[in-house]
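Just need the whole structure built from these sequences, with the hints factored in.
Next come the chains, spelled out residue by residue.
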Amino acid sequence: MQQLMDETQQAMVNSASAQTGFPLAEVNLVHAQEISRNASQSMWSDLLYLRDENPPMALRDYWAADIAMLVRKTPDGGLCGLAYIPGYDAPQPAGFSPLAVGVAVHDCTFSPANFQHEFAHLLGANHNPANTLNTTELICSAFGHWANPQNAKKSGKRTIMSYKVNNPPLLCRGDCTQVFNYSNSEVDYMGDWTFQTGVVDTRENARVIAEVAPFARDWKLSAGRIFADGFE
Amino acid sequence: MQAEYSPTDLNEMHAAQILLLSFPFLLSPALAGNIMVPADVSVNLVAEPNSGLVSGQPITFTLSATNHGPEPVDVVAFSSSQFTNEFEVFIATTDCEGLGLVVGDTEFSYFYYYVWGLTDGAHLKSVKREFVISTLL
Numbered sequence: 001m002q003q004l005m006d007e008t009q010q011a012m013v014n015s016a017s018a019q020t021g022f023p024l025a026e027v028n029l030v031h032a033q034e035i036s037r038n039a040s041q042s043m044w045s046d047l048l049y050l051r052d053e054n055p056p057m058a059l060r061d062y063w064a065a066d067i068a069m070l071v072r073k074t075p076d077g078g079l080c081g082l083a084y085i086p087g088y089d090a091p092q093p094a095g096f097s098p099l100a101v102g103v104a105v106h107d108c109t110f111s112p113a114n115f116q117h118e119f120a121h122l123l124g125a126n127h128n129p130a131n132t133l134n135t136t137e138l139i140c141s142a143f144g145h146w147a148n149p150q151n152a153k154k155s156g157k158r159t160i161m162s163y164k165v166n167n168p169p170l171l172c173r174g175d176c177t178q179v180f181n182y183s184n185s186e187v188d189y190m191g192d193w194t195f196q197t198g199v200v201d202t203r204e205n206a207r208v209i210a211e212v213a214p215f216a217r218d219w220k221l222s223a224g225r226i227f228a229d230g231f232e
Numbered sequence: 001m002q003a004e005y006s007p008t009d010l011n012e013m014h015a016a017q018i019l020l021l022s023f024p025f026l027l028s029p030a031l032a033g034n035i036m037v038p039a040d041v042s043v044n045l046v047a048e049p050n051s052g053l054v055s056g057q058p059i060t061f062t063l064s065a066t067n068h069g070p071e072p073v074d075v076v077a078f079s080s081s082q083f084t085n086e087f088e089v090f091i092a093t094t095d096c097e098g099l100g101l102v103v104g105d106t107e108f109s110y111f112y113y114y115v116w117g118l119t120d121g122a123h124l125k126s127v128k129r130e131f132v133i134s135t136l137l
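Sequences listed follow chains P and W, in order. All letters in the first sequence, in the order written, are residues 1 to 232 by the numbering used here. All letters in the second sequence, in the order written, are residues 1 to 137 by the numbering used here.
Note that these hints are calculated values from the structure, not bench results. Where a beta carbon is used, it is the ideal one built from N, C-alpha and C, also for glycine. Be aware that one or more of the hints could be misleading.
Unchecked claim - In silico SDA-like pairs for lysine to any residue, Cα to Cα no more than 20 Å straight-line:
id, chain 1, residue 1, chain 2, residue 2
1, P, LYS154, P, MET190
2, P, LYS153, P, ASP192
3, P, LYS73, W, PHE108
4, P, LYS73, W, THR106
5, P, LYS73, P, GLN2
6, P, LYS154, P, ASN166
7, P, LYS153, P, PRO169
8, P, LYS73, W, GLU107
9, P, LYS73, P, LEU48
Said to hold, decoys possible - Which residues of chain W face chain P? A few of them, derived with a C-beta cut under 8 Å, are:
id, residue
10, ASN50
11, VAL103
12, GLY104
13, ASP105
Next up, the structure:
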C-alpha cells in the first residue's frame, strides 16, 4: 500500500509545473488495513460499501482520511476501477467529501497506473477526449493526453488518464506506452522522443488536480494522526 | 520526506490524506443465518417524455420510493444503468442531494452511471425526487 502511495506522490511530482505549483498535491497514507469481505462481491457494491457502511466509514472518520480507496486483487469481470467524479450535477469539490471514494484493482492490464488513474478521477481528472463522456468536465481543460512521435517507427505515449486509442482514424501507435504523468502542457517527458504531456488549455489534468487538492485537504478535518505508521 | 514537514506545514500545503483498504484475495463467504426481510420498499421510476425524443431534448426522471415497513430503512442507494455518451450531463439538474456520478474503467473502455444514496440517518418513509437531463446533441 505504501508503494502505491509513493507512486502516486511521484506522479504528483512528475506532473507539476509553474502553472500548478510543486507538487500538484501532497498525499499521505494515514492507514491501511485488510477488510473481511468476500472477493466475489461486485465492484459496484464495493463502492457503496466504502461510502455507506462500516467499518470503512468509521475508519475514514477515525483517521480523518480525505479519500478512501479499496484495492482489490481480483478484477470484477473486465472492470478495473470505479470512482466518483466531482462536478457535473454531482457535488462540486467543496461538498464532495461523502463521495471521495474509489475502488481499484491492484493489477489490471488496462493501465500499470490503475490506482493513480482512479485516484485522479476523485480529484476531477478525466480521460482523453475520445474516451470521455462529453465536454462536461469540472474545468474545460481536464483531459488526458496521448501523442505519436514524428518517427513512424516509434510507439506513441499516453498519460495516466488516457486510454490506448486504437479506433481509426485516431490511433496511438505501438504499445502506446503510459508515462507516469498527468497531462500538463508545461511538462515534457524525455524518453526515446520528447512527449509534451499536455496541450495548452485543452489537455491539462494536472491543473484540475492542483485546483481540487485544496478542497480535498478539507474533506475530512485532521485528527492529528498524521503518522499512522507510528513514525514520529 | 513527510518528516520534513510539521503538521502546520502540511495544512498549508495541498495535503490530501488517504485511507487505503487492501482487499484480501479470498475470504470465507458470509455466514448464513436467518433471513430477515427488513422492509417492503417499493420504487417507481417515470421518464417523461419516453418516446419521440429529439437530440437535445430534456428528459425528466421522477423517482419515488416508499417504505411500507415493518422495519425502518436508513440506507438506500439507487443506481442508474450504465451509459457512455447518450446524455449531456453538464446541464443536468436535480433535487437529489447526494447524487453522484461514477466513472468506470474497463480494460478497453469506460462507462458512467449515477448513484443516489439516502444516507442522512433519517428513516425512509417516502421520497420523491426529480432528475432532469438532456440527450446529447
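Straight-line alpha-carbon gap LYS73 of chain P to GLU107 of chain W, limit 20 Å: 15 Å, holds
Hinted pair LYS153 of chain P and ASP192 of chain P, Cα distance within 20 Å: 11 Å, holds
Hinted pair LYS73 of chain P and PHE108 of chain W, Cα distance within 20 Å: Distance of about 19 Å is within 20 Å: holds.
Status of the hint placing VAL103 of chain W at chain P (closest C-beta pair under 8 Å): 5 Å, holds
Satisfaction of hint between LEU48 of chain P and LYS73 of chain P, Cα-Cα up to 20 Å: 18 Å, holds
Pairwise hint evaluation, GLN2 of chain P against LYS73 of chain P, where the allowed Cα distance is 20 Å at most: 16 Å, holds
Satisfaction of the GLY104 of chain W interface hint, Cβ to chain P closer than 8 Å: 5 Å, holds
Restraint status (C-alpha distance of LYS153 of chain P to PRO169 of chain P at most 20 Å): It holds: about 18 Å lies between the C-alpha atoms, which stays within 20 Å.
20 Å Cα cutoff - pair LYS73 of chain P, THR106 of chain W: With Cα atoms ~15 Å apart, LYS73 of chain P and THR106 of chain W stay inside 20 Å; holds.
Evaluation of the interface hint that places ASN50 of chain W against chain P, nearest CB under 8 Å: Violated - the Cβ of ASN50 of chain W stays beyond 8 Å from chain P, reaching only about 21 Å at its closest.
Restraint satisfaction for ASP105 of chain W [CB to CB of chain P, less than 8 Å]: Given a least distance of 5 Å, the restraint on ASP105 of chain W holds.
LYS154 of chain P paired with ASN166 of chain P [C-alpha distance capped at 20 Å]: 15 Å, holds
Of the numbered hints listed earlier, the single one contradicted by the structure is hint 10.
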